[in-house]
Every structure is written in C-alpha cells, then in structure tokens.
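**Q** Protein chains in written order, with the numbering used here: chain G, 28 to 288; chain B, 825 to 957.
Take every hint as true, because none was put in to throw you off.
Derived Cβ-Cβ restraints for the label pairs, each shown as a range:
no., chain 1, residue 1, chain 2, residue 2, range
1, B, K847, G, E237, 55 to 63 Å
2, G, G136, B, E888, 25 to 33 Å
3, G, G129, B, N865, 31 to 39 Å
4, G, S46, B, E884, 27 to 35 Å
5, B, E845, G, E237, 47 to 55 Å
6, G, G135, B, E955, 33 to 41 Å
7, G, E154, B, Q840, 21 to 29 Å
8, B, E845, G, M77, 45 to 53 Å
9, G, G263, B, G937, 31 to 39 Å
10, B, R844, G, K229, 50 to 58 Å
11, G, G233, B, T839, 53 to 61 Å
Think about it this way: if two alpha-carbon atoms lie no more than 25 Å apart in a straight line, the pair counts; the simulated DMTMM-like pairs of lysine to aspartate or glutamate are:
no., chain 1, residue 1, chain 2, residue 2
12, B, K876, G, E38
13, G, K49, B, D836
14, G, K144, B, D915
15, B, K876, G, E106
16, G, K47, B, E827
17, B, K897, G, E141
18, B, K847, G, E38
In case anyone wonders, no lab produced these hints; they're calculated from the structure. Glycine included, each C-beta is placed from N, C-alpha and C at the ideal position.
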Amino acid sequence: MNLGKSLDYREALIPTRLSKIKRILMVASGKGGVGKSMVSATIALILSDMRYRVGLLDLDFHGPSSSVIFGVSSSPREEREGLVPPESAGVKVMSIDLFVAGRPVPIGGEEKREIIKEILALTDWGELDYLVVDMPPETGDVLLASLNYLEGDRWVILVTIPSVLSHKVVSRLIEILKEVKVPILGLIENMADMEVEGKRIKPFMGGTRELAGMHSIPFLGSLPIDPDAAYYADNGEPEKLKKTLFTESLREILLRSGILI
Amino acid sequence: MHELVIVSGIIDAITQVAERENKKVSLVRIAVGELASFDINLIRELVELLRKGTCLEEAEVIVEEEGAVVRCKTCGMSWGFKELVEPLSEDEREMIHFLPELVSSFSKCPSCGSRDLEIESGRGIRVSQIEFR
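Isolated chain B (complex conformation) (with noise of 0.2 Å):
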C-alpha cells in the first residue's frame, strides 16, 4: 500500500534531477527489486497516474523487475528470492517487503547457517537509468 508513497518520491526525485540539468526526461528506467515483493504491475499502474503534469509525462518509463542475489559472506554461494524469502511466512515476508535489509533476521543461508549476507541485487525499488533529450 505504501507503493504510492515511493512511486511519488521517484518522480520527485527524477523531477529535480531535470531541473538540475535543466533538460526534457526522454527515458527512464526503474528497477522493482524482487526482494521487496512490490506488486509491479501496480508501480506500473501508479506511475502511468501519477506522471501526468510532470517531466515524466511525455518520456518512456520502463518499470522492470530486478532478481534478488543474496550473496553469504561466510561460505561465497549466492542465493535468491526462492530459497531465502519463499519459504518465510507472510507476516515475515511483509517484514521484508518493508526493510529487505532484514533478510538476515529471518533467515539464514541454507549451505552454511550463516546470517552473515549480502543483498547484491533486487533489493528495493531505484531509478537505474535517466536519459535526456
């Protein structure tokens, strides 16, 4: 629910990016992080909403989902949504959805045991590319 929020703070944030640079937005590129579980049609939805009236509205967004790796840093082996956040509960899923930070208070690496990780990617939602025009 709180998608709303977030989609309207990266529009904010893109929007000063073009008064910065003082140029028209022809392309941007936003990354939905699979270890986050936002619902992507939905920032999809919301972002055709809320972009009109603003630099976005006349440039191609690509909303995309961006694979969750979660790397132990005690035994190296990389692992993903599947292993690590499928198996969780729904109330600790949403935990994670919140702060996917908090992969490591709910599990654990399933080679080793370690709860020493590290998100290397799909962690939340980021703008990965801006072009200009």
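For reference, chain G alone in the conformation it holds in the complex (with noise of 0.2 Å):
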C-alpha cells in the first residue's frame, strides 16, 4: 500500500492538540484593512483579563502582526511536547512572524495550507479556555482549510468596517461560512466613528447593522477609531491597550454576546 501523501501524521495530532482547548473564536473578514487583527489580539487580551486561559493564532501569513500588538519577538520554545509560544499580557501567541522576524513570506496556497497543519500539529498550548484565530483574509482555499482544521466548540467573529467594498466581501464569507456550517456568532462593525475636535464623526456610510439583518446573523456592536488604540498596538503595549476606548467597547460587545464560557 503506497500511500504517496495521504497518511499524514499530523491530521492525528491536530485533534489531540486541540482536545486541550475549550472554545475555539475564529475572527474573520474575508479582506484585510478592516481592524481583524486588531480585533483578534485585543479580543484574546480582554480574555486573559478576565482570568481565563488564551491562545492567539494568527494565520494572516503575510500580514501577520499579533506579535507586534502584542510586543513579542522570541521564536516558539522547542520543548519535548511541541514548540511552546512565547506569552505576553497573559496571551500565548503564535504567529509565522516569530519564525521570519519580518522577513517576507512569498508562500502560495498549497504551502500555507502546510503551515497550518504544521502549526496546528506542533504547537503546545497546553490546555486552553479559548484560542483566538485572527483568520487568513481571504475567502478562498486557505480559508476553507483552516475552518477543516479547526475543530471543536467553534465561533466565528465577523469583522467589517461600514463602506460598500466590505460589506461585499464579508457578505461572500457569510455564505461560504453557512454552506460549510460553521456557526457565526455575529458581526462586528469596526472604524465605526471617531472623535473630531470634541464630535464623534461617522467617516463611512454604515449599514452594517442592516447587513447582518439581511444575513439573518446577530449585529453584535460598532468599534471606534482609535488612535491611542492604535498607538499602544503599533508600539507592543497591550497592557496600555487595555485601557483605551477601543478595548472597552469590546468588552462590552464580548460581556452581551453570550460566548463567554
């Protein structure tokens, strides 16, 4: 019996590795530039704020920047069990930026699909109360591989920001998200408002609210833009990014949704 690929060692690991984890919060745009990243690191900081235990994936491969957000640059611990991410704010972060430190990752789909597995087999979270997935920004085969991969109690966390291009796209990934079942906790409106000269103005048009309704998914809340937000994550201070507007929103948004265990 040549098997060629087909008998792949790690598609039995992966289901050990993530038995260890409780709920899996997969947060997802289908495009970048939206504040998915941003979304994902400040959602698994609030997470470790409130005592539980938080693992961040970042599957952006050529975006990656968790560990930017996060301030952490140390390559994964190779231990007996597996490579062990490095820890910031509470947060076990792993990303393909601690294996390139900023180089590029010029890698097609078939390639990425292998790191997945590869990062899902090999990494040791240890157990787990959630793993956040900042998610590849695409709708296409990566997509559709991680959500394979990723099994378990698993939600997905919709990012857009309110203008027509995005709401396009994330309205594609909704359909694609219903058609391979996978359930969607709701979605969030980021870049919502912002603060000008004592006004909060609305730069984009909104409608993201109605968009959920027209997809029969909960709207689960609006983020602003927020340049101390913003700041703190640029510069690797997730414990001031704590305490912005921004991270208080969210809580907000995460304390109403129901998906706290």
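From the two separate chains plus the hints, produce the assembled complex.
**A** Given below as structure tokens:
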C-alpha cells in the first residue's frame, strides 16, 4: 500500500491538540485592512484580563501583526511536547512572524495549508479556555483549510468596516460559512466613528446592522477608530491597549455576546 | 527535540489506519525529508522506543532519508539542501526545521534570485508506505 502523501501524521495530532481547548473563536473578515487582527488581539487580551487561559493564533501569513501588538519577538521554544508559544499579557501568541522575524513570506496556497497543519499539530498550547484565531484575510482555499482543521466548539466572529467594499466581501464570507455550517456568533462593525475636535463623526456610510439583518446573523456592535489603541498596538504595549476606548467598547460587545464560558 | 511528538503522531496515525483496515501491519516506510534537518538516527531510536506495545511492534520499519528538491518556479532550475539551506545561519536553519515551507523566506534561487520556490520532495516526515498481512 503506497500511501504517497495520504497518511499525514499531523492529521492525527491536530485533534489531540485541539481537544485541550474549550472554545475556538475565529475572527474573520474575508479581506485585509478592516482591523481583524486588532479585534483578534484585543479579544485575546480582554479574555486574558478576565483570567481565562488564552492563546492567539495568527493565520494571516502575509500581514502577521499579533506578535507586534503583543510585543513578542522570541521564537517559539522547542520542547519534547512540541513548540511552546511565547507569552505576553497572559496570552500565548503563535504567529508566522515569530519564525521569519519580518522577512517576506512569499508562499502560495499549498504552502500555507502545510504551515497551518504544521502549526496546529506542533504547537503545545497546553490547556486553554479560548483559542482566538486571526483567520486568513480571504475567501479561498486557505480559509477553507483553516475551517477544516479548526474543529471543536468553534465560533466565527465577523469584522467589517461600514463600507460597500467591505460589506460585499464579508457577504461572500457569510455565504461560505453558512455552506460549511460553521456557527457565526455575529458581525462587528469596526471603524464606525471617531472623535474630531470634540465631536463624533462617521467617516463611512454605515449600514452594517442592516447587512447583518439581511443575512440573519446577529449584529454584535460597533467599534470606534481610536488613535490611542492604534498607537499602543503599533508599539507592542498590550497593558496600555487594555485601557483604551477601543478595548472598552469590545469588552462590552463580548459581555453582551453570550460567548463567554 | 519535538521529534518525540512527531514520532508519536506517526504511530497514532498508522494505528488509526490499521484499526480501520482491521489488519496487522507488516511493513512501514517512513521518509525523513532532508529540508527539515531531522536527526535521522534520533528518529530511528524514537521509533524503536515508541513502537513497543503498538501495532508496529512486529512490523518491519524502515526509516530513510528523502533528499530535498526545491524547484524555482521562475527559471525552472532545481536545487538541493546544499545550495539552499547549508549556507544559512544555524538560527535560520532551525526555522526551516520547524516549517520547511519557509525556505522561500530565507533563500532565493541561486540562478535567478527568485523567491518563487516550490518544494518537490524532502519537506518533512511522512509515511510513504504501509503493508498489511
């Protein structure tokens, strides 16, 4: 019986790893530039602050930012049981950037699938309450592969900005998620408004609540454009990021969402 | 060091296939890809240690190296471990040891300089053959 590539030990290891994780929260947007990574990282931070055991897995290979937001740069530690992710602000962070340290990652779909399998099989998260996953910013094969491997008590949190372009992409993503029967917790509207000279203005057209209604999924709430949060994220200061308007708004959304264990 | 968990995973995967087929395993061939720089003797030792009491206990197990072949998708040239990985620093080689696909982050085609590289063989560890009786 010549197996070729058909017997993959990683597919035996992945369910064992994920069985130690109570709940997987996959943060997806279908496209980049809408703040998906910022939302993922901040959710992880909020959950850690609530004393949950939390991991953050960054599957955005071309624009990994989790390690920057958490200010971690050390490579995962190689131990007998696998690769142990570095920790910051109580969150275990695993990202491709911890391996390449800012170098380009010029890889295609097949290579990304291999890396996802390798990371899921080899990362020793230990026991976790939550694994927050910053999903690939696409609606193609890499997203489907990620959904395929990330099995368990899993939920998708969708992020969009209130623009037609972002709404169109997230609509496609919702259709895909419904087809593969992955439960959607709801839709978050990011960059909804910002403060300019003491007044709150809405830089985009809005309509995200209506979009959620059109797809019969919950509208979870809106997040502001918050220059303080952006500054602390860029500088890898998660403890200060915790105390921003952005984090407070997201904390309220999480508490209302019913996702907490 | 994470070879232990990989060998355990291989034995689990083979056990699942043997149980599904409801047959005894007579031969297993494990290919150890050169690109991931595993210590093949350590893999052999771990297989010997961990197969006791499993469906592999009485099977013939062959652990063999699979040479790395990486093709440049721009100019079509193929390269091996010597050209692409050997010149790298120990830290860089270690990252490829964890994730062989990252060869294109650390190396370029020695002929045309492209990073559009594709691993044709020798990426990591795989079970290439199982025989039952």
